[in-house]
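The chain contents come next:
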Amino acid sequence: MSERRPYVRPMPRDWWARWPFRHYTVRELSGVTIAIYAAVLLSGLVALLQGPAAWDAWRGWLASPASLVLHGALLIAMLWHVRTWFQILPKTMPKLILGGTPVPQRTITLIGTSVAVICSSALVAFVLWRPF
Amino acid sequence: MPHAPEKRSNAPIFWLLFGAGGTLSALFGVGLILVTGFLAPQGIGIGPDALSYENALAFTQNWLGKAAIWAVISLFFWHAAERLYLTLKDMHVFSDLGRRLLTYGVAAVVTVATAGLLLAIGF
Amino acid sequence: MTERADKTIELRVLRYNPVTDEKPHHQSFTVPYTSDMSVLQGLQWIKDTIDGSLTYRWSCRMAICGSCGMMINAEPKLACHTLLRDLAPGPVTVEPLNHFPIERDLVVTVDDFVKKIESVTPWLIPKHPKPVSEGPYNQTPAQMAAYENFSACINCMLCYAACPQYGENPKFIGPAAMAILQRYDGDSRDGGSALRIDAVHGEDGVWGCTAVGACSDVCPKAVDPMHAVNQNKMNTALDYFLRFLKKRDTK
Ligand code: SF4
Ligand code: FES
Chain W
720 MSERRPYVRP MPRDWWARWP FRHYTVRELS GVTIAIYAAV LLSGLVALLQ
770 GPAAWDAWRG WLASPASLVL HGALLIAMLW HVRTWFQILP KTMPKLILGG
820 TPVPQRTITL IGTSVAVICS SALVAFVLWR PF
Chain F
-14 MPHAPEKRSN APIFWLLFGA GGTLSALFGV GLILVTGFLA PQGIGIGPDA
36 LSYENALAFT QNWLGKAAIW AVISLFFWHA AERLYLTLKD MHVFSDLGRR
86 LLTYGVAAVV TVATAGLLLA IGF
Chain E
55 MTERADKTIE LRVLRYNPVT DEKPHHQSFT VPYTSDMSVL QGLQWIKDTI
105 DGSLTYRWSC RMAICGSCGM MINAEPKLAC HTLLRDLAPG PVTVEPLNHF
155 PIERDLVVTV DDFVKKIESV TPWLIPKHPK PVSEGPYNQT PAQMAAYENF
205 SACINCMLCY AACPQYGENP KFIGPAAMAI LQRYDGDSRD GGSALRIDAV
255 HGEDGVWGCT AVGACSDVCP KAVDPMHAVN QNKMNTALDY FLRFLKKRDT
305 K
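Protein chains in written order, with the numbering used here: chain W, 720 to 851; chain F, -14 to 108; chain E, 55 to 305.
Don't read these hints as lab results, they were simulated from the structure. There may be inaccurate statements among the hints.
As the list claims (entries may be wrong) - Computed cross-link-like contacts, SDA-like style, restricted to lysine to any residue with a CA-CA straight-line distance of at most 25 Å:
1. E:K225 <-> F:L73
2. F:K74 <-> W:W734
3. F:K(-8) <-> E:P224
4. F:K74 <-> E:T264
5. E:K225 <-> W:M730
6. F:K74 <-> W:M730
7. F:K74 <-> E:P224
8. E:K169 <-> W:P729
9. W:K814 <-> E:M288
10. E:K184 <-> E:E202
11. F:K74 <-> E:A128
12. E:K225 <-> W:R723
13. E:K77 <-> W:P725
14. E:K181 <-> F:E(-9)
15. F:K(-8) <-> E:D252
16. E:K77 <-> W:V727
17. F:K(-8) <-> E:S173
18. F:K51 <-> W:I837
19. E:K275 <-> W:H742
20. E:K275 <-> W:T828
Claimed, not checked - Here chain F is said to cover these stretches of chain E; the calculated rule only asks that three of the stretch's residues, wherever they fall, bring their Cβ under 8 Å from a Cβ of chain F:
21. 257 to 271
22. 282 to 292
Small disclaimer: the values here were computed from a predicted structure and weren't measured. Even glycine gets a Cβ: it sits at the ideal position worked out from N, Cα and C.
Chain W with its partners taken away, still in its complex shape (with noise of 0.2 Å):
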């Protein structure tokens, strides 16, 4: 006679950091320092608040190699962002049926990632050509 012993093995605590996972875990983080930029707008905000003294402070380092480098990286992570959120558009959304058939998940993601390239260029274009 054989008896029922299930055998339960141990979820690996740090799994998050392995292989496959790191990929995932890269894509969570790299939104996490969204948040870093806004800090960085909010900060600004309270320059403003604080005076023209202050805010001319804020300016200055805002243009010193440091901040060059922090929104380098906060540039890079965004980059990042942008490509993984339409990526993962697809499957948040129903399954969108055109003509009898499914439209490609890689189509959705091409329509979203070119959305968003015509939306930030058209942000930096406002900035560039409006008269201040």
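Place chains F and E with the ligands on chain W using the hints.
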């Protein structure tokens, strides 16, 4: 009855805020960082006084400017909050309450504080 | 012409006998193979010639019954659908599916998985019930396309073995059950949506998912369970906010 209905989760609130912040940042984030991190402070393509105190104040005193600043700062924080909350959970860091305070709590405080700052700056 | 099995490959198989073993351990076998042999056939060679006690599940040998799921080199795979020649020169690690209790050797406990499938009301609840005499419920190809891939699930559980959130929390509804839920929810003839949403609107329902996406990567049938889970986050969120506006049929 084929199943016992599970207790409804409040996750939709945070998930929708996460989604709004994720979409807003995905669409405009790169443009925003280029403008406020590089073009404006370095004076590339924009006049040196684009970021002057008067200009910044005028932008912030405009109700449309206020709305944009509020949406960007608070939704970006809500987006990061959801992701950090889940990642900290994956990493088994802090208690659940600690994680919630550190993520959703901070986002809520930032949302209110930003609104307060914008009101204090006036119209 | 029959190919001679003159190449060999090492299979490192996780063994567990509940009667004699405190915990599982690996055992190595050197298996002669031909270019058309699957991992399942390798296991069958071991069982036939070396150790008749080696225990594993299989039936169809053609990737349709869903019985032979196991971790092959740490990836959830169908053993009958994975060729030894693609794993050469080896060694190849063969273990029972992750996240499930091991009954014996490569056999895992499926009770939890079966209960989960039962919990999502996996059958059609006609929107407008009618007697057989009134004929069939018709459906256009476009309406069928809306759920077709979700109907391809073979219950192999590879997606559960791939999902770290299921590994962390065995109460999480998991990928395949959601794919099966969506197979019926997405069917134009079905009217059981409200019932199914109630089964998965909790922390252990769709909200247990963090969009890792490994489930869809490993699915041998391109079911895309990640899509099923995540589109139901939106459905559940809408239900969360609009539930007070909706008239609910509570029978
Ligand atoms: S969804 Fe795919 S991986 Fe999961 S049980 Fe069904 S067929 Fe297997
Ligand atoms: S034996 Fe049926 S799926 Fe492999």
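Checklist line | Agreement of K74 (chain F) and P224 (chain E) with the hint, judged by alpha carbon distance not exceeding 25 Å | finding: Judged against 25 Å, a Cα distance of about 15 Å means the pair holds.
Check: Mind checking, does the region 257 to 271 of chain E have 3 or more residues with a CB under 8 Å from chain F?
Finding: holds (count 5)
Margin query: With the threshold set at 25 Å, check whether the alpha-carbon distance from K275 (chain E) to H742 (chain W) stays at or below it.
Written below: holds, 23 Å
Check: Keeping to a limit of 25 Å between CA atoms, is the pair of K(-8) (chain F) and D252 (chain E) held or broken?
Finding: holds, 9 Å
Notebook entry, point to check: Going straight from one Cα to the other, do K74 (chain F) and T264 (chain E) come out at no more than 25 Å?
Noted result: Holds. K74 (chain F) to T264 (chain E) sits at ~11 Å (cutoff 25 Å).
Checklist line | 25 Å Cα cutoff - pair K(-8) (chain F), S173 (chain E) | finding: Holds, at about 14 Å.
Check: Between K77 (chain E) and V727 (chain W), is the straight-line Cα distance small enough, at 25 Å or below?
Finding: holds, 9 Å
Margin query: Would the hint linking K(-8) (chain F) and P224 (chain E) be met if the CA-CA limit is 25 Å?
Written below: Measuring from Cα to Cα gives roughly 17 Å; hence the hint holds.
Checklist line | K169 (chain E) paired with P729 (chain W) [C-alpha distance capped at 25 Å] | finding: Satisfied, since the Cα-Cα distance of roughly 22 Å is no more than 25 Å.
Next item on the list: Mind checking the alpha carbons of K74 (chain F) and A128 (chain E) for me, to see if they're no more than 25 Å apart?
Entry: holds, 24 Å
Note to self: What's the verdict on K184 (chain E) and E202 (chain E), does the C-alpha distance respect the 25 Å limit or exceed it?
What the structure shows: At roughly 24 Å apart (the allowed maximum being 25 Å), E202 (chain E) and K184 (chain E) satisfy the hint.
Margin query: Please verify whether K275 (chain E) and T828 (chain W) have alpha carbons no more than 25 Å apart.
Written below: holds, 22 Å
The structure meets every hint from the earlier list without exception.
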